[in-house]
Amino acid sequence: MLQAKGIPVVGIDPTEELLAAARRRDSRGEYQIARAESLPFTDASFDLVVSYLTLIDIADFRTALKEMVRVLTPKGTLLIANLNSFITSCPSGWIKDQHGRHVHYPVDRYLEEFREWVEWSGIRIENWHRPLSSYIRELLSHGLTLTFFDEPQPQSGDDDRRARYRRAPWFNVMEWQR
Amino acid sequence: MNDGWDRSASAWIAAMGEQGDWSREHVLDPIMLNAPRRSDSNVRST
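These protein sequence lines map, in sequence, to chains H and V. Be aware that the first sequence starts at 0, since it is given in numbering that gives the first Met the number 0, and climbs by one per residue. Be aware that the second sequence starts at 0, since it is given in numbering that gives the first Met the number 0, and climbs by one per residue.
If we strip away everything but chain H, and leave its shape as in the complex, we get (with noise of 0.2 Å):
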């Protein structure tokens, strides 16, 4: 999508399977296979660095995170895309009526840190929660600034799901500065 609005993309990703798939669909790009938490990148190699959904994949996010800032250069922007944490704090979501209503959305264990294995559609995969506190205490101690945060609406799609978002929104989007 970057790449379409005329901005140079490099993509990493630890799954050849997925890098592959990037690949197909973006013959301009660069895409290698690396983990986020050793970026294979000189130092201030970038304007813009950018999460989308990655942090709750990762063991080490605060390794990961720093690896990050290292390489986005001086006045660079991380760009944050992530679950919030009271969705992570209770993977298995929904309370349902006996008539498949929704009633609420639980939240637990909020303030603690743990691993969670989530399924749905054939996906089988390792997630991680952390408190919202987590993130902004360690974003806050590489000296980043806070230039922007929303927790986003749906801005099309039908109704009713709309309106379920609006009850227990998924995502947060911060922008930190260096």
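It should be emphasised that the hints constitute simulated quantities derived from the structure, not laboratory data. Hints should not be assumed to be uniformly reliable.
Listed next, the in silico EDC-like pairs over lysine to aspartate or glutamate satisfying Cα-Cα at most 20 Å (straight line) [claimed, not checked]:
{"hint": "1", "chain 1": "H", "residue 1": "K95", "chain 2": "H", "residue 2": "D107"}
{"hint": "2", "chain 1": "H", "residue 1": "K4", "chain 2": "H", "residue 2": "E174"}
{"hint": "3", "chain 1": "H", "residue 1": "K4", "chain 2": "V", "residue 2": "D5"}
{"hint": "4", "chain 1": "H", "residue 1": "K74", "chain 2": "H", "residue 2": "D42"}
{"hint": "5", "chain 1": "H", "residue 1": "K65", "chain 2": "H", "residue 2": "D107"}
{"hint": "6", "chain 1": "H", "residue 1": "K4", "chain 2": "H", "residue 2": "E29"}
{"hint": "7", "chain 1": "H", "residue 1": "K4", "chain 2": "V", "residue 2": "E17"}
{"hint": "8", "chain 1": "H", "residue 1": "K4", "chain 2": "V", "residue 2": "E24"}
{"hint": "9", "chain 1": "H", "residue 1": "K95", "chain 2": "H", "residue 2": "D159"}
Please build the complex by placing chain V on the supplied structure of chain H, with the hints as guidance.
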């Protein structure tokens, strides 16, 4: 490292389709693509 991604990659690609799932298409992509102060030079995406 066994975090499930190697075994789940095919199902993930199928689930996302061309537009991404509902939440990406209708919630996240619009704000991520219009984030303020986006650089127009080097970009790294994880």
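Now for the hints, and whether the structure bears them out:
1. A C-alpha spacing of about 17 Å is found between H:K95 and H:D107, which places the hinted pair at or below 20 Å, so the restraint holds.
2. Restraint check for H:K4 and H:E174: satisfied, since their Cα atoms lie roughly 19 Å apart, inside the 20 Å limit.
3. Under the criterion of a C-alpha separation no larger than 20 Å, the hint pairing H:K4 with V:D5 is inconsistent with the structure, at around 30 Å.
4. Taking the CA atoms of H:K74 and H:D42, the gap is near 13 Å; set against the 20 Å cutoff, the hint holds.
5. Restraint check for H:K65 and H:D107: the C-alpha separation of about 29 Å exceeds 20 Å, so the hint is violated.
6. The hinted pair formed by H:K4 and H:E29 meets the criterion: a straight-line CA distance of about 16 Å does not exceed 20 Å.
7. At roughly 17 Å between alpha-carbon atoms, H:K4 and V:E17 fall within 20 Å of each other, so this suggested pair holds.
8. Only pairs whose Cα atoms come within 20 Å are accepted, and H:K4 paired with V:E24 is accepted, the gap being roughly 17 Å.
9. Distance check on the hinted pair: H:K95 and H:D159 sit about 15 Å apart at the alpha-carbon level, within 20 Å; holds.
When the structure is compared with the earlier hints, violations turn up for hints 3, 5 and for no others.
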